[in-house]
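Given only the sequences and the hints, what does the whole structure look like? Please build it.
From first to last, the protein sequence lines stand for chains A and B. Residue 377 in the working numbering sits at position 377 of the first sequence, with consecutive numbering throughout. Residue 320 in the working numbering sits at position 320 of the second sequence, with consecutive numbering throughout.
For the record, the hints were derived by calculation from the structure and aren't laboratory data. Even for Gly, the Cβ is constructed at its ideal location relative to N, Cα and C. It cannot be assumed that every hint is accurate.
Stated by the list, open to error - Derived lysine-lysine pairs resembling DSS-like cross-links, with alpha carbons at most 25 Å apart: (1) A:240 with A:347; (2) A:5 with A:31; (3) B:347 with B:233; (4) B:146 with A:7; (5) A:273 with B:220; (6) A:385 with A:233; (7) A:29 with B:123; (8) B:290 with B:343; (9) A:31 with A:306; (10) B:146 with A:29; (11) B:343 with A:31; (12) A:257 with B:31; (13) B:233 with A:290; (14) A:29 with B:220; (15) A:7 with A:126; (16) B:126 with B:146; (17) A:146 with B:126.
To be verified - Residues from chain A that face chain B, not an exhaustive set, calculated with beta carbons under 8 Å: (18) 27; (19) 28; (20) 143; (21) 149; (22) 151; (23) 152; (24) 179; (25) 279; (26) 294; (27) 301; (28) 302; (29) 314; (30) 322; (31) 323; (32) 327; (33) 333.
There are 2 protein chains.
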Amino acid sequence: MEQKKIKVAMIGMGTVGSGVYEVIERLQKDKLAHKVGAAVEVAKILVRSPEKYQSQVAAHTQLTTDWQDIVSDESIDIVVEVMGGIEPAQTYLTEALRAGKSIVSANKDLIAVHGSELEALAKEMKKDFRYEASCLGAVPIVQPLKENMAANNFSELVGIMNGTTNFILTNMSEKGLGFDEALAEATRLGYAEADPTADIEGLDAGRKVAILANLAFHTKAVFDDVHVEGITKISALDMKYADSINCVVKLLGIATKEEDGLVLGVYPAILAKSHPLASVGGSFNAVFVKGDAIDEAMFYGRGAGKLPTASAVVGDVIDVCRDIMAGCEGRIGDYTYEAIPIKPLEKMESRFYVRLLIADHPGVLEEVGGCFGRHGVSIAQALQKGSVHAGQAEFVIITHEVMEEKFNKAIEELAKAKSVGRVENVIRIYGGLPQ
Amino acid sequence: MEQKKIKVAMIGMGTVGSGVYEVIERLQKDKLAHKVGAAVEVAKILVRSPEKYQSQVAAHTQLTTDWQDIVSDESIDIVVEVMGGIEPAQTYLTEALRAGKSIVSANKDLIAVHGSELEALAKEMKKDFRYEASCLGAVPIVQPLKENMAANNFSELVGIMNGTTNFILTNMSEKGLGFDEALAEATRLGYAEADPTADIEGLDAGRKVAILANLAFHTKAVFDDVHVEGITKISALDMKYADSINCVVKLLGIATKEEDGLVLGVYPAILAKSHPLASVGGSFNAVFVKGDAIDEAMFYGRGAGKLPTASAVVGDVIDVCRDIMAGCEGRIGDYTYEAIPIKPLEKMESRFYVRLLIADHPGVLEEVGGCFGRHGVSIAQALQKGSVHAGQAEFVIITHEVMEEKFNKAIEELAKAKSVGRVENVIRIYGGLPQ
Numbered sequence: 001m002e003q004k005k006i007k008v009a010m011i012g013m014g015t016v017g018s019g020v021y022e023v024i025e026r027l028q029k030d031k032l033a034h035k036v037g038a039a040v041e042v043a044k045i046l047v048r049s050p051e052k053y054q055s056q057v058a059a060h061t062q063l064t065t066d067w068q069d070i071v072s073d074e075s076i077d078i079v080v081e082v083m084g085g086i087e088p089a090q091t092y093l094t095e096a097l098r099a100g101k102s103i104v105s106a107n108k109d110l111i112a113v114h115g116s117e118l119e120a121l122a123k124e125m126k127k128d129f130r131y132e133a134s135c136l137g138a139v140p141i142v143q144p145l146k147e148n149m150a151a152n153n154f155s156e157l158v159g160i161m162n163g164t165t166n167f168i169l170t171n172m173s174e175k176g177l178g179f180d181e182a183l184a185e186a187t188r189l190g191y192a193e194a195d196p197t198a199d200i201e202g203l204d205a206g207r208k209v210a211i212l213a214n215l216a217f218h219t220k221a222v223f224d225d226v227h228v229e230g231i232t233k234i235s236a237l238d239m240k241y242a243d244s245i246n247c248v249v250k251l252l253g254i255a256t257k258e259e260d261g262l263v264l265g266v267y268p269a270i271l272a273k274s275h276p277l278a279s280v281g282g283s284f285n286a287v288f289v290k291g292d293a294i295d296e297a298m299f300y301g302r303g304a305g306k307l308p309t310a311s312a313v314v315g316d317v318i319d320v321c322r323d324i325m326a327g328c329e330g331r332i333g334d335y336t337y338e339a340i341p342i343k344p345l346e347k348m349e350s351r352f353y354v355r356l357l358i359a360d361h362p363g364v365l366e367e368v369g370g371c372f373g374r375h376g377v378s379i380a381q382a383l384q385k386g387s388v389h390a391g392q393a394e395f396v397i398i399t400h401e402v403m404e405e406k407f408n409k410a411i412e413e414l415a416k417a418k419s420v421g422r423v424e425n426v427i428r429i430y431g432g433l434p435q
Numbered sequence: 001m002e003q004k005k006i007k008v009a010m011i012g013m014g015t016v017g018s019g020v021y022e023v024i025e026r027l028q029k030d031k032l033a034h035k036v037g038a039a040v041e042v043a044k045i046l047v048r049s050p051e052k053y054q055s056q057v058a059a060h061t062q063l064t065t066d067w068q069d070i071v072s073d074e075s076i077d078i079v080v081e082v083m084g085g086i087e088p089a090q091t092y093l094t095e096a097l098r099a100g101k102s103i104v105s106a107n108k109d110l111i112a113v114h115g116s117e118l119e120a121l122a123k124e125m126k127k128d129f130r131y132e133a134s135c136l137g138a139v140p141i142v143q144p145l146k147e148n149m150a151a152n153n154f155s156e157l158v159g160i161m162n163g164t165t166n167f168i169l170t171n172m173s174e175k176g177l178g179f180d181e182a183l184a185e186a187t188r189l190g191y192a193e194a195d196p197t198a199d200i201e202g203l204d205a206g207r208k209v210a211i212l213a214n215l216a217f218h219t220k221a222v223f224d225d226v227h228v229e230g231i232t233k234i235s236a237l238d239m240k241y242a243d244s245i246n247c248v249v250k251l252l253g254i255a256t257k258e259e260d261g262l263v264l265g266v267y268p269a270i271l272a273k274s275h276p277l278a279s280v281g282g283s284f285n286a287v288f289v290k291g292d293a294i295d296e297a298m299f300y301g302r303g304a305g306k307l308p309t310a311s312a313v314v315g316d317v318i319d320v321c322r323d324i325m326a327g328c329e330g331r332i333g334d335y336t337y338e339a340i341p342i343k344p345l346e347k348m349e350s351r352f353y354v355r356l357l358i359a360d361h362p363g364v365l366e367e368v369g370g371c372f373g374r375h376g377v378s379i380a381q382a383l384q385k386g387s388v389h390a391g392q393a394e395f396v397i398i399t400h401e402v403m404e405e406k407f408n409k410a411i412e413e414l415a416k417a418k419s420v421g422r423v424e425n426v427i428r429i430y431g432g433l434p435q
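Quick look at the structure:
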C-alpha cells in the first residue's frame with residue numbers, strides 16, 4: 001500500500017521559515033512517518049525572490065511568487081504562515097481556511113488583533129488553526145492551556161515574554177550597566193534589532209499577553225486592551241535598590257482575572273528573588289500560571305531564534321498531520337467563547353516602589369508622608385541613602401497595597417511638593433516582598 | 001437537539017480519585033460543555049466500600065464493587081484508573097481497551113513496567129491511552145513530548161521528579177538539617193509517607209524516568225533499566241561543601257541518549273546554582289529537556305497532591321472527550337516504536353565529588369593522588385578543611401570527567417589506602433561546575 005503524503009505550503013522563507021524547512025526535512029528522513037503515519041513534504045513556498053532560495057530547497061519543493069499557486073492547489077493540506085505582519089498574512093490565512101486547508105501561524109502581530117476571527121472561521125470550516133510559535137517561541141504554552149491544563153479555572157498568568165528586554169535587564173542587574181549601555185551590548189550581540197522599539201517599549205510582550213489571556217480566560221481580548229510600558233526608564237540605581245530588598249526588576253506580561261474584569265498589562269516590575277520567574281535570565285522566556293486545580297506551574301524556554309521557533313511551528317504541523325490522518329481537523333473548537341470586560345490597571349491594587357530626590361533637611365518626611373497619607377497610601381518601608389548632592393538626598397519608599405488611581409494622585413501632589421526635588425522613578429511591585 | 005453525553009467510569013476513589021471527581025463536577029457546571037462540545041459525567045465508580053463514599057457523590061454517579069458493571073456497560077466511553085499498583089489495574093485497563101473504551105491512568109507503577117504493552121493495545125483498538133498524571137503530577141510533560149516538542153530529536157531529559165525528596169533536600173540545604181531530622185519534619189508535615197522507602201530510595205522517581213525516556217526517545221525502557229540510588233547517604237556536610245562551590249545537591253532523574261545507548265538513572269547529584277533546576281525548591285517538581293530544535297526547555301509545577309494530580313487526569317479526560325466527539329480516538333499512535341539498547345551508568349563519563357577522612361600528616365596527598373592517577377582519574381579541585389579529630393582531616397576532591405567504571409576502581413583502591421580513614425561519600429556532579 002502506498003503511504004499517504006501530506007503536503008505543506010509555507011508563506012515566507014525568512015529566518016523562522018528556513019528553520020521550519022530545515023526541521024521538517026531533517027525529521028522526514030527518520031521520524032516524521034512514525035509520528036504521523038504519513039509522509040510529509042513541503043511542496044510549495046511563497047517568496048518574493050525565488051532565485052534567492054533555490055539552492056536551499058529540495059527538488060520536491062516549488063518556490064512561487066503567486067499566492068494563487070498555493071490557495072488553488074487542492075493537494076496542499078496545510079498552510080504554514082511565517083511571514084509576519086497583519087497584511088497580506090490575514091488575507092492569505094483567511095483564504096487558506098476557506099479553501100479547506102488547516103493553518104499554522106507564528107504571527108503574533110496578526111493573532112493579537114484578529115486571532116478570534118481566525119478561531120471562529122477555523123471552527124466554521126472544521127479546520128485546525130494552530131499558533132504555538134506566536135507566544136514565547138519554543139516554550140509550549142498555547143496547547144498546554146488548551147489541553148493539559150484545560151481542567152483549570154485560572155486566576156493569573158504572568159511571564160517574561162520578551163527575550164531582548166530580559167537580556168538587557170539581566171545584564172543591568174548582573175554587571176551594573178545602565179540601560180543605554182545594556183541596550184548597546186544587546187544590539188552588538190544580535191539580541192536587539194536595529195530598531196528595538198517593539199521590544200524595549202513592551203509592544204512585543206503586549207501582543208503575547210493578549211493571545212495568552214484569550215487562551216487562559218476564553219475571551220476575545222486584543223492588543224489594544226493591554227496596558228503597555230517599556231523598560232527605558234529603569235536605571236542601574238533601581239536595580240541596586242531592588243537587590244537590597246532581595247528583589248529583581250523584570251519586564252512582566254500579566255493577565256489577572258478579578259471579579260469585575262480582566263486586567264492586562266506589560267510593565268517593568270519588582271519581583272522577589274524567591275519567585276521562580278526571578279531566576280529566568282538572559283534571553284530566556286517563561287510563563288507562570290495559577291489555576292484552581294494545578295496550583296502553580298511554569299514553562300521555560302527559548303522565546304525566539306530560528307530553530308526554537310521552528311520547533312513550535314513543526315510541533316503544530318505534526319499535530320495537524322495527525323488530525324488529517326485521523327479525519328478530525330478542527331477537533332479543538334474555538335477557545336474564545338466568553339466576553340470578559342477589561343478592567344483598567346488604575347483600578348487594580350498594587351504595591352509601589354518610589355524613588356525621590358528630596359531636600360535634605362528636617363520636615364521633609366512630614367511633607368512626603370502627608371502627600372501619601374491624604375490619598376490613603378500607606379508606607380511599608382523607607383530607605384534613605386546619604387546626601388547625594390548639594391542638599392538633596394535619595395529617598396526610596398515601598399508602599400503597602402493601594403489602588404493605582406489613588407497612588408497616582410499622591411504622586412501628582414508629591415511632584416509639586418516643595419521639599420521634593422523630583423520623583424525619579426515609580427515601579428510596580430509584583431506579588432509579596434521577601435520577609 | 002439533545003446534547004451528547006460522554007460517560008466516564010472511575011476505578012478508585014482515594015485522594016486522587018476524589019480530586020478527579022471534584023474537578024469534573026466543578027467544571028461540568030460551567031466550562032466542560034464549551035471545551036468538549038458535550039456533557040460529561042462520572043457515571044460509575046469502582047470502590048471496595050460504596051457506603052464510605054455515598055455522601056461524596058451526586059445522584060447520577062453509581063458506586064459499584066463489581067468491575068463487570070463497568071467493563072460490560074456499553075454506555076461507558078472512558079475508564080479513568082486512579083487505584084495504583086500493578087494488579088488488578090493492569091487487567092482492568094486491558095479489558096477496558098478490549099471493550100472499546102479509551103483509558104486514562106495516573107498509575108506510574110504500572111506504566112513504568114507495562115506502558116508499551118498498553119500503548120500497543122490502544123493502537124490496535126484505535127483508542128486513546130493517556131497518562132499525563134503518571135509523571136510529575138500536574139507538570140505537563142507527557143503530552144508536550146508527544147505533541148508540542150514532537151519536532152525534536154532529544155539528547156537528554158533531566159528532572160526533579162519526586163517532591164518528598166526535594167522537600168527534604170531543600171530543608172537540609174536551607175536550614176542545615178541532617179537527613180534524619182529533615183525526613184522527620186517531612187513526615188510530620190505530611191510530605192513523606194509513613195513508609196517513605198519508595199520516595200527516599202529513588203524508586204518513585206525511577207518509574208518516571210522509565211516512562212519519560214520512552215516518550216522522549218520512543219523506546220521501550222522499563223523500571224528495571226533505571227539505575228536507582230536514593231538520598232539517605234547525603235549529609236548536611238555535603239550540602240555545605242556543595243554550597244561552597246556554588247552548587248546544590250538534588251535528587252535527579254536523568255535519561256541521556258548517547259551514540260551507543262540510553263543511560264537511565266536516578267541519583268543525588270551536585271548541580272550548579274545557575275542551572276534552572278537548582279532553584280526548584282520545596283515539594284515542587286520540574287523537568288528539563290534538551291532537543292536539537294528547541295534547545296532547552298523546562299516544565300515546573302506540583303508533582304503530587306489531590307487537585308494538581310486531578311488537573312492532569314481531567315486534562316486528559318477532556319482531550320479524550322474531544323477525540324470521541326471528533327471520532328478520532330487513537331489519533332496519536334504508539335510512541336514506543338524504537339528499541340534502543342540500555343547503556344550501564346558505569347560506562348558513562350561524569351565528574352565526581354569525593355569526601356574522605358584522611359590521616360593528617362605529610363605523604364597523604366601523594367598516596368591519594370596516586371590511587372586516582374593509576375586509574376586515569378584527574379583531579380580538578382581539592383578542598384581541605386582543618387583537622388577534624390585526633391589526627392584525621394576532612395578532604396574533598398572534585399574530579400574531571402572520567403568513566404565511572406575507572407573511577408570506581410580508584411575508589412576501591414582508595415578505601416584500602418593506609419592514609420585514608422574512610423571514603424565518607426561519593427556524589428556525581430551533573431553538568432559543568434560554576435566558573
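A quick look at each hint next to the structure:
1. A:240 with A:347: Measuring from Cα to Cα gives roughly 29 Å; hence the hint is violated.
2. A:5 with A:31: 14 Å, holds
3. B:347 with B:233: Distance of about 23 Å is within 25 Å: holds.
4. B:146 with A:7: 21 Å, holds
5. A:273 with B:220: 41 Å, violated
6. A:385 with A:233: Given pair residue 385 (chain A), residue 233 (chain A) holds - Cα atoms ~21 Å apart, limit 25 Å.
7. A:29 with B:123: With Cα atoms ~23 Å apart, residue 29 (chain A) and residue 123 (chain B) stay inside 25 Å; holds.
8. B:290 with B:343: Cα-Cα ~19 Å, so holds.
9. A:31 with A:306: Answer holds: residue 31 (chain A) to residue 306 (chain A) is near 21 Å, not above 25 Å.
10. B:146 with A:29: 18 Å, holds
11. B:343 with A:31: 22 Å, holds
12. A:257 with B:31: Holds: residue 257 (chain A) and residue 31 (chain B) sit about 16 Å apart, inside 25 Å.
13. B:233 with A:290: Status violated; Cα separation ~36 Å.
14. A:29 with B:220: 22 Å, holds
15. A:7 with A:126: Given pair residue 7 (chain A), residue 126 (chain A) holds - Cα atoms ~18 Å apart, limit 25 Å.
16. B:126 with B:146: 17 Å, holds
17. A:146 with B:126: Roughly 23 Å separates the two Cα atoms, so the pair holds.
18. 27: 6 Å, holds
19. 28: 11 Å, violated
20. 143: OK, holds: residue 143 (chain A) within 8 Å of chain B, min 5 Å.
21. 149: Status holds, d = 6 Å.
22. 151: 4 Å, holds
23. 152: Hint holds; residue 152 (chain A) Cβ to chain B Cβ min 6 Å, cut 8 Å.
24. 179: 24 Å, violated
25. 279: 5 Å, holds
26. 294: 4 Å, holds
27. 301: 4 Å, holds
28. 302: 5 Å, holds
29. 314: 4 Å, holds
30. 322: Where the cut-off is 8 Å and the nearest Cβ of chain B is about 5 Å from residue 322 (chain A), the hint holds.
31. 323: 7 Å, holds
32. 327: With a minimum Cβ separation of about 6 Å from chain B (threshold 8 Å), the hint on residue 327 (chain A) holds.
33. 333: 6 Å, holds
Of the numbered hints listed earlier, those contradicted by the structure are 1, 5, 13, 19 and 24.
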